[in-house]
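So the sequences go chain by chain: A and B.
Numbering-wise (our numbering), the first sequence opens with residue 4 and increments by one.
Numbering-wise (our numbering), the second sequence opens with residue -2 and increments by one.
If you're looking for bench data, these hints aren't it; they were derived computationally from the structure.
Be aware that one or more of the hints could be misleading.
[Unchecked claim] Within a straight-line C-alpha distance of at most 20 Å, the following computed SDA-like cross-link-like pairs (lysine to any residue) qualify: (1) B:Lys12 to A:His265; (2) B:Lys12 to A:Pro267; (3) A:Lys307 to B:Gly13; (4) A:Lys289 to B:Glu100; (5) B:Lys12 to B:Ser59; (6) B:Lys12 to A:Arg134; (7) B:Lys87 to A:Phe18; (8) B:Lys12 to A:Ile421; (9) B:Lys12 to A:Glu45; (10) B:Lys12 to A:Phe18; (11) B:Lys12 to A:Val358; (12) B:Lys12 to A:Leu218; (13) B:Lys12 to A:Ala44; (14) B:Lys87 to A:Arg134; (15) B:Lys87 to A:Asn209; (16) B:Lys87 to A:Pro374; (17) B:Lys87 to A:Arg46; (18) B:Lys12 to A:Ile428; (19) B:Lys12 to A:Leu49; (20) B:Lys87 to A:Asn133; (21) B:Lys12 to A:Lys53; (22) B:Lys12 to A:Ala56; (23) B:Lys12 to A:Asp361; (24) A:Lys53 to B:Tyr76; (25) B:Lys87 to A:Ala131; (26) B:Lys87 to A:Lys307; (27) B:Lys12 to A:Asp266; (28) B:Lys87 to A:Leu218; (29) B:Lys87 to A:Thr47; (30) B:Lys12 to A:Asn209; (31) B:Lys87 to A:Val423; (32) B:Lys87 to A:Lys53; (33) B:Lys12 to A:Arg46.
[Stated by the list, open to error] Take a look, some chain A residues computed to stay more than 12 Å from chain B by CB distance: (34) Arg7; (35) Ala31; (36) Leu244.
Just so it is clear, the structure is predicted and the values come from calculations on it, not from any experiment.
The beta carbon of each residue, even a glycine, is placed where N, CA and C say it ideally should be.
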Amino acid sequence: MDVRTACRVGAGAGFAGDRIDPAVLLAASGEVDAIALECLAERTLLPALKARAADPGAGYDPRLRRRLAPLLPAAHASGCRIVSNLGQANPRAAGEAIARLAGELGCGGVRVAAVLGDDVMDQRDRVAWNRPVSGRLVGAHAYLGAEALSQALEDGASVVVTGRVADSALFAAPALRRLDDRPEALAGAVTVGHLLECSGQLSGGNFSPVGGAMLSAEAYARLGYPLAEVFSDGSAEIRLLEGACGLLTPETCTLQLLYEVHDPARYITPDVTLDFTGLRFEQVGKNRIRMSGARSAGRPDTLKVAGFMELEGWIIDCEIGFAGTGALERGQRTAEALRLRLQQWADDDIAIDLVGVDSILRAGSVPTRTPPAEVRVHVSARCADAEAAQIVEDEVYAMTLSGPAGGSSVRSERRARIEVIDGYIAREWVKPTIEWSSS
Amino acid sequence: MIRVGDLASGRAGDKGDVLDLTLVARDDAAYGVLAAALAERAVQHELNRVVPGPVRRYEIASLRALKYVLPEALAGGVYASLRPGLHWQKAAIWLLLDLMIDERGGHVVSGRP
Chain A
4 MDVRTACRVG AGAGFAGDRI DPAVLLAASG EVDAIALECL AERTLLPALK
54 ARAADPGAGY DPRLRRRLAP LLPAAHASGC RIVSNLGQAN PRAAGEAIAR
104 LAGELGCGGV RVAAVLGDDV MDQRDRVAWN RPVSGRLVGA HAYLGAEALS
154 QALEDGASVV VTGRVADSAL FAAPALRRLD DRPEALAGAV TVGHLLECSG
204 QLSGGNFSPV GGAMLSAEAY ARLGYPLAEV FSDGSAEIRL LEGACGLLTP
254 ETCTLQLLYE VHDPARYITP DVTLDFTGLR FEQVGKNRIR MSGARSAGRP
304 DTLKVAGFME LEGWIIDCEI GFAGTGALER GQRTAEALRL RLQQWADDDI
354 AIDLVGVDSI LRAGSVPTRT PPAEVRVHVS ARCADAEAAQ IVEDEVYAMT
404 LSGPAGGSSV RSERRARIEV IDGYIAREWV KPTIEWSSS
Chain B
-2 MIRVGDLASG RAGDKGDVLD LTLVARDDAA YGVLAAALAE RAVQHELNRV
48 VPGPVRRYEI ASLRALKYVL PEALAGGVYA SLRPGLHWQK AAIWLLLDLM
98 IDERGGHVVS GRP
């Protein structure tokens, strides 16, 4: 069978707050047919649902204009299509907003498809939850696959915007209709999607090679995001634009391949269950990787659902800093004193430790050899209500007057208590639909 | 004695309560050393000083990769964490990278560098 190029797809964003300029560079290069932007972490849906409840025209990514104002003209000029989940809780309103923006920017004839259907809140009784719903369920969203996104592109969309879909589906959709009719081809395209979905994390970001050498500060500041030429047989060549900063090696690809994967022989996506055990990465040039060997382990009968629960109370997270000679000892003594002051919190509901020493890895921290020049005493606690959170915050602040000398640079934040609960819903109950807007 | 991070690079990820840790060995010999020293039980023994629950290991020898999955390590998910700020788990790979192992005896040596 002839192997053709199915699609050249670029990684435009790996989370809602991701950088904007790398996507513009890819779109303007003329070297990608489509660019996909992942802008919807699990937690991002919650504020979006609240915004939609307050205003039926809101609930999409508030960064929409900032992200798309530079990207739309570049993509329009090069004929590159855009696929994104920045519709968040309101893809319909996002589609309309994108069409308006395209018009304002002078991009005529832009057809925007909004893919709906992930919101299964009114079908929540059909969801098999992994554990009992213990708090107030705020939303329930199924992870859609690439099929409806691909249909929208096939029907002439320049921009496809949606809400909750599998991240890999965003990046696989542009290739879907141009693949050989073999399960391995689909598996390959979805594997490429999985590799691209965290943008710079494939191309040298969040990567420390053996020996620990880092990229230069300039490379981290201007990290190039990867693109993939997906072939019809599901193999691919992954690369950076010529001259781009970054690092693409079999090692960076393997780390991203297995990122947040559990059983590597059964990575479940809505489109295909992937088997990575035969995967191969071959360096074929500087920052050029040939990928092959993706296998399908079938297609799941159910779709994953993420439910969002709001629990009562808050998590308070506050710190007080110490600097100068003896900072470590003064911080340690403060932590001990705070433990005495906050004894009414059960051990499981409070953490008191030292930023700069052991606040992240706790008992797994590397021992401190030279005392740090500065430390911060950190207190986080689960609090039943705002009053309890205020008590913790006040106790930390009170150390500035009644604790060891020089307690300073106090900061505090409160986080709502959110829990994400997983479930599954039969495919037949989730029917994506497409709505159109034009500039 | 050698530090795991001198033989492999790594990355941590999370999904709900589940923490996953990936190691990619620098070469086949390093993979053999790591696979022998970092058995499920030894890794669980070390990691349970910091995070709770069992450890399941997957081996992908063709990619020189070891995958450790801890289904209960992040109880309540990353937003229930009492660490400062959000997403402490991205640093959790150093729980493995900073382990010292005996490359001849094929076991973990207690203590960190």
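Straight-line alpha-carbon gap Lys87 (chain B) to Thr47 (chain A), limit 20 Å
Within the cut-off at roughly 18 Å; holds.
Verdict on Ala31 (chain A) as a residue remote from chain B, using beta-carbon distances over 12 Å
Given a closest Cβ separation of 30 Å, the condition holds.
Given the hinted pair Lys12 (chain B) and Ile428 (chain A), is their Cα-Cα distance within 20 Å?
holds, 19 Å
Restraint status (C-alpha distance of Lys87 (chain B) to Arg134 (chain A) at most 20 Å):
Cα-Cα ~26 Å, so violated.
Hey, Lys87 (chain B) versus Asn133 (chain A), does the alpha-carbon distance stay inside 20 Å?
It is violated: about 25 Å lies between the C-alpha atoms, which goes past 20 Å.
Checking one constraint from the list: CA of Lys12 (chain B) to CA of Glu45 (chain A), max 20 Å. Satisfied?
Status holds; Cα separation ~10 Å.
Starting from Lys53 (chain A), check that the Cα of Tyr76 (chain B) is at most 20 Å away, please.
holds, 18 Å
For the pair supplied as a hint, Lys12 (chain B) and Asp266 (chain A), confirm whether the alpha-carbon distance does not exceed 20 Å.
Holds: Lys12 (chain B) and Asp266 (chain A) sit about 13 Å apart, inside 20 Å.
Lys12 (chain B) and Asn209 (chain A) were given as a pair; does the straight-line alpha-carbon distance stay at or below 20 Å?
holds, 18 Å
Holds or violated: are the alpha carbons of Lys87 (chain B) and Ala131 (chain A) at most 20 Å from each other?
violated, 30 Å
Holds or violated: Lys12 (chain B) with Arg46 (chain A), Cα cutoff 20 Å?
holds, 12 Å
Given pair status - Phe18 (chain A), Lys12 (chain B), alpha carbons within 20 Å
holds, 15 Å
Violated hints, in rising order: 4, 5, 11, 12, 14, 16, 20, 21, 22, 23, 25, 26, 32; the structure is consistent with all others.
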